[in-house]
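Quick note, the sequences are listed as chains A and B, same order. Going by the working numbering, the first sequence opens with residue -5, and the numbers climb by one from there. Going by the working numbering, the second sequence opens with residue 646, and the numbers climb by one from there.
Some hints here could point you the wrong way.
Unchecked claim - Capping the alpha-carbon separation at 25 Å, the derived lysine to any residue pairs in SDA-like fashion look like this: (1) A/K128 with B/F737; (2) A/K239 with A/P210; (3) A/K152 with A/E250; (4) A/K104 with B/G936; (5) A/K98 with B/Q854.
To be verified - Covered stretches of chain B (in silico footprint by chain A; criterion: 3 or more residues with CB under 8 Å from a CB of chain A, positions within the stretch not fixed): (6) 849 to 857; (7) 861 to 867.
FYI, nobody ran anything at the bench for these hints, they're computed from the structure. Please read all numbers here as calculations on a predicted model, not as lab measurements. The C-beta atom is built at its ideal place from N, Cα and C for all residues, glycine as well.
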Amino acid sequence: MQAYLKLDHIDKTFTRGNATTEVLKEINLTIDKGEYVSIIGHSGCGKSTLLNIVAGLTDCTTGCVLLENREVNSPGPDRAVVFQNHSLLPWLTVYENVKLGVDKVFASTKTRAERAAWVMHNLNLVQMAHAKDKRPSEISGGMKQRVGIARALAMEPKVLLLDEPFGALDALTRAHLQDSVMALHQKLGNTILMITHDVDEAVLLSDRIVMMTNGPSARIGEVLEVPLARPRKRLELATNPGYLKCRQRVLEFLYERHRFVEAA
Amino acid sequence: MSMHAIKAEATAVAIPAPSSLTTAAPVVTMTPKQAPRAEKYVKMARETAARVVPPLVVIALLMLFWELVCRRAGSTLPPPSRVFSDTKELIFDPFFDRGGIDKGLFWHLSASLQRVALGYSIAAIVGIGLGTLVGQSVWAMRGLDPLFQVLRTIPPLAWLPLSLAAFRDGQPSAIFVIFITSVWPIIINTAVGIRNIPQDYRNVAAVVQLNPLEFFGKIMIPAAAPYIFTGLRIGIGLSWLAIVAAEMLIGGVGIGFFIWDAWNSSHISEIILALFYVGIIGFVLDRLIAGLGKLVTHGTSVS
């Protein structure tokens, strides 16, 4: 079977003047349709750069990204991104923020009324329909991120890219939102690539966890399958031996074999 | 049962409570009281007075001082009482028109305002356009910025002879002077605003695949709006400064020439009245742009 999303021999070097820094080295990864893959690593290892390369926001130096066997090298709604700091446009309402993408993606395929219904449908999916006329400054951080997710989902992306989507949230909100994303993944079957630095989050949500070595020249150190049945329940997993084993593996990788050397 | 009764009362007497608020409804019935309303008005009046009284007192004191100083025989400037008696006709009949430049103040002011409106509108359009270009393109910035930095230091009136030579007419020359005076702060502030658009917004636009025109209208202008309005506000102030000087030189109808004409005919009281109007209108223009900015950039502040 052909891979749905394929990262093929990706290298990335940044050049500033005479100094060149090799950030990513020989990244090979294939992701199947409907799979939830997390990339975990210490800060500065280039995982956000990798996500930006997949999103097309950054060019890779060599190698390529293949989506359904077609090379993608510019940003597009087929790889919608949920940004770490939500990136909602503050002068638009919640509704208008989601509508921005919908109007572009479905300009020719949906009527105006259908697009409006589709925006509301996606806001409903993340339980944010009630705040549709509010501006981002009037809603909480978790709500903003929900709207960010709705905006990305509404573009019907082939791959949903999550860039540390829960990083800026407090622990309780984060857990709540993780459950929501899990439910959405279950319901819609999206293919998701998520950047995270939270071990529990990675194990809870992912089918596979890609662990990256420390930069410079970060590589994929290890890929761990998470053989836990879905739907997963946070509380039940806390004592599940499979869960604990996965967690242990990731922790060992991050804190023993590839300990973060520099001061963060 | 009793719950329903209370609720019905609540909706009838006080604010209509949504039906889901079954427990909150009885609380609502406690709130309506008629007495505090009067108290509220008194409080409001007191607050207004606290803001209005100090400037009134200061103005009254200054007037008194002016009156005392200028009342003496041989004083070069008229006291406020003389200013008022001299310019009564101008104050109470601003709409007379006896042909030529012998018109009421309304016509002079409106002529000046029209010139400013035209010159300033062109400056706003050109300024935002060029500012966007300079803010967006490194090449345009490197090419144009040195030019702007030199040109913007040229005093407005220095442009007037050149524009008179080019246009051979007072009217377009005055408008050009207004334009060239107010365009620089608009360009520079717009450019700064565009340059400061967060990368996040650019990323969003890239993922959504907005075309350049949509990016300009939906991302750039709203994101840079606070900066743009700062530029527009400085610009309107400068153009009102420049119009009076320019009109003194080009003549014709306009508040600038009215002042110059009054000076030539030694009507000092008329000059003082005109200055008063110029000040008030400058203030109103500034407030107008500031208010417009507040309206447009509502909610733009980054959260």
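Verification of the hints:
1. Between A/K128 and B/F737 the alpha-carbon distance is near 50 Å, which puts this suggested pair outside the 25 Å criterion.
2. At most 25 Å may separate the alpha-carbon atoms for a hinted pair to count; A/K239 and A/P210 exceed this at roughly 29 Å.
3. For the suggested pair A/K152 and A/E250, the alpha carbons sit about 36 Å apart, so the restraint of at most 25 Å is broken.
4. The suggested pairing of A/K104 with B/G936 is violated, with an alpha-carbon distance near 39 Å, which exceeds 25 Å.
5. Our distance criterion of 25 Å between C-alpha atoms is met by A/K98 and B/Q854, whose separation comes to about 7 Å.
6. Three residues within the 8 Å Cβ limit are the bar, and the segment 849 to 857 of chain B against chain A gives 6, so the coverage statement holds.
7. Restraint check on the segment 861 to 867 of chain B versus chain A: 3 residues with Cβ-Cβ distances below 8 Å, three needed, restraint holds.
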